[in-house]
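Engineer: Chains as they are written, first to last, in our numbering: chain A, 22 to 376; chain B, 22 to 376.
Calculated directly from the structure, the hints in this document are not laboratory data. Remember, predicted model here, so these are calculated numbers, not experimental data. Glycine included, every Cβ here is placed at the ideal spot set by N, Cα and C. Please note: incorrect hints may appear among the correct ones.
To be verified - A few chain B residues facing chain A, derived, Cβ under 10 Å:
hint: 1; residue: Ile58
hint: 2; residue: Thr93
hint: 3; residue: Gly127
hint: 4; residue: Lys132
hint: 5; residue: Gly218
hint: 6; residue: Asp224
hint: 7; residue: Gly225
hint: 8; residue: Trp320
The chain contents come next:
Protein chains: 2
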Amino acid sequence: MYSYEQLHTFAKKIFIAIGHTEELAASAADVLISADIRGVDSHGIARLKGYVRLWEVDRINAKPNIQIVHETPSTATIDADAALGLVAGPRAMQVAIDKAKQVGTGWVSVKNSNHYGIAGFHSMMALEEDMIGISLTNASPLVAPTFGKERMLGTNPISVAIPTLNETPFIADMATTTAANGKLEVLQRKKEDAPLGWIQDGDGTPTSNAHGVKEGGALLPLGGDREHASHKGYILGSIVDIFSAVLSGANYGPWVPPFVSFIDPVADPVGEGLGHFFGAMRVDAFRPKEEFLQHMDQWVARFRQTTPIDPNVPVQIPGDYERGMEAERLKNGIPVLDAVIADLNELGEKFGVKL
Amino acid sequence: MYSYEQLHTFAKKIFIAIGHTEELAASAADVLISADIRGVDSHGIARLKGYVRLWEVDRINAKPNIQIVHETPSTATIDADAALGLVAGPRAMQVAIDKAKQVGTGWVSVKNSNHYGIAGFHSMMALEEDMIGISLTNASPLVAPTFGKERMLGTNPISVAIPTLNETPFIADMATTTAANGKLEVLQRKKEDAPLGWIQDGDGTPTSNAHGVKEGGALLPLGGDREHASHKGYILGSIVDIFSAVLSGANYGPWVPPFVSFIDPVADPVGEGLGHFFGAMRVDAFRPKEEFLQHMDQWVARFRQTTPIDPNVPVQIPGDYERGMEAERLKNGIPVLDAVIADLNELGEKFGVKL
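The shape of chain A in the complex, shown without the other chains (with noise of 0.2 Å):
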């Protein structure tokens, strides 16, 4: 078990280490271990290995240029000058938060970005300006289209954080597929077989094994089957892949640079790195506030207390179970695997950090 501090210590002296500012480096381990801390273990500390590979072929730049360069009241289009997503999120965010100020709403799309950690993160940072937070971002292409058997969109997650007053706020923060790749890798670490819905193999057939899709499948959007609907999770991964790289300039669909090292970006890239799009509102620019925050708690409390079918399985709200996952973990520590130590251990002697 380990503490928040003692993670996000660690890898903050790693970004450190491979040349951002104590400030940069701060920021980026803030939103890589949000995710350790709410349960998200796929998104957390296990990929600081990763980050690090792609700062070694020249995929990130520690020192970026973060800019804006196209905007007006509402709208920015920044150029992450290939910083780390973890890096470029939250300044981008803040911008989105700093329109809304202005005008109401703000709206910004990203390219020349990677991967940004979990979605929820940059959402979140909405919620203490009393702002609605929306957080998109496209990924390395695992998703087959319906009807189709190549790889063509990511896991294009959509996070919606809402405030409240004194409930729990609102924080869906959702892949736009079946099945996270997080939850398959427990089934893989588990050597179960996942539900059929989730994967196609590489002739299109739905399979079960759960390692369909590095053999050549691919998972399944939202729906799983046309006969349940898999055509509204294509759609809903096709908006978020547009509204981060087509509106900003960076890479969608199958051109969207793999987040692994070893495979190289296709050569014909059709933008630049990937993209993410945020938008912050002002609750008090529909309505005033306290009456919007009432209202949300009467949404919160009533959605509580739907009839469940098992009377002991409430119906939950989004964020619950992050919420859970965070109090039991600030208390208790969080549990790292062995296979994450010992990366964590080797990037420590490579860079003369320890854990």
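Following the hints, put chain B in place on chain A, whose structure we already have.
Structural biologist: Okay, now just chain B, sitting in the frame of chain A:
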């Protein structure tokens, strides 16, 4: 078979007969019959009688004073004054477009409205302005959240329309449930079963009974069951509900007034009428217009070329189905069910209008 003009003229005359001005009646008919021409029969002329019945029980105001009650440079909240949603929708979308012309994007939440036809009509208004259009609405509660057996959400659709240069535009219009109500009506008429994953019965058990919702059950959120991430459909429907109603001051969740006139709205409403949410984003608020449109063309062309599973079933672009229906129906006419024709004749006799 009926022509677009025949149905449009009839609907317009009926809307005039119940007290609308010629302008408002024409606008409402535009929205209503756009559903028939695009093949979304459940949302078109078949609903005309339902709208009239709502007017008969004083739930529709044919002389509405639709006005902005709160605004910032990029946002507005509109009180639709109990107008037809068919009237309030285009008005509110136009406000979003006008705001976008000024500050890059426009976002409008609407309260005190009624059903607004197909979501896609409103989002598509943005296309001719080279804007991305967004249209959301909440609706009568028919959907149970994951783990719940109570109907808490409507089919709460999401529509996003994205312009292109020469390719067909990207037009998504999807309920956040596995199956829209219209699909169930088709099965009911054919006396066929529904696939598991569409409906649960009154105990919360999955059922293939296509009449399950009418018999006390509920529609299931996109995903269908927990293993296939129905919580994501629940999340999406919730976001639509909150943006449409908690932002605007409309009713949300189980308080949303029913479409049918024979069920009274709840006695303790939390807001006024039902709610919509519209967005318009100028593409040149993010990058030069030609660049965006050319890359959208490339996006559409590349996704059409996705390697298909079956060489005879190509991957589609959102909107293809409706475009195909529109071309076919403009040429050959719109089929109308006998039961619907009987309703229309009844309406015609009542108001002295001939189909």
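Engineer: Against this structure, judge whether each hint is valid.
Structural biologist: Hint by hint, here is what the structure shows:
A cut of 10 Å between beta carbons decides the hint on B:Ile58: the least distance to chain A is about 21 Å, and the hint is violated. Interface hint status for B:Thr93: upheld, as the beta-carbon distance to the closest one in chain A is roughly 3 Å, under 10 Å. With a cut of 10 Å, the hint placing B:Gly127 at the interface with chain A holds, because the nearest CB-to-CB distance is about 8 Å. Residue-level restraint check for B:Lys132 holds (minimum Cβ-Cβ distance to chain A is 9 Å; threshold 10 Å).
The restraint placing B:Gly218 at the interface with chain A holds, with a minimum CB-CB distance near 5 Å, inside the 10 Å limit. Evaluation of the B:Asp224 hint against chain A yields a held restraint, the C-beta minimum of about 7 Å falling below 10 Å. With 10 Å as the threshold, the beta carbon of B:Gly225 comes within range of chain A, its nearest partner Cβ sitting at about 3 Å, so the hint holds. At its closest, the beta carbon of B:Trp320 sits 6 Å from a beta carbon of chain A; the interface hint therefore holds under the 10 Å criterion.
Hint 1 from the list above is the single one not met by this structure.
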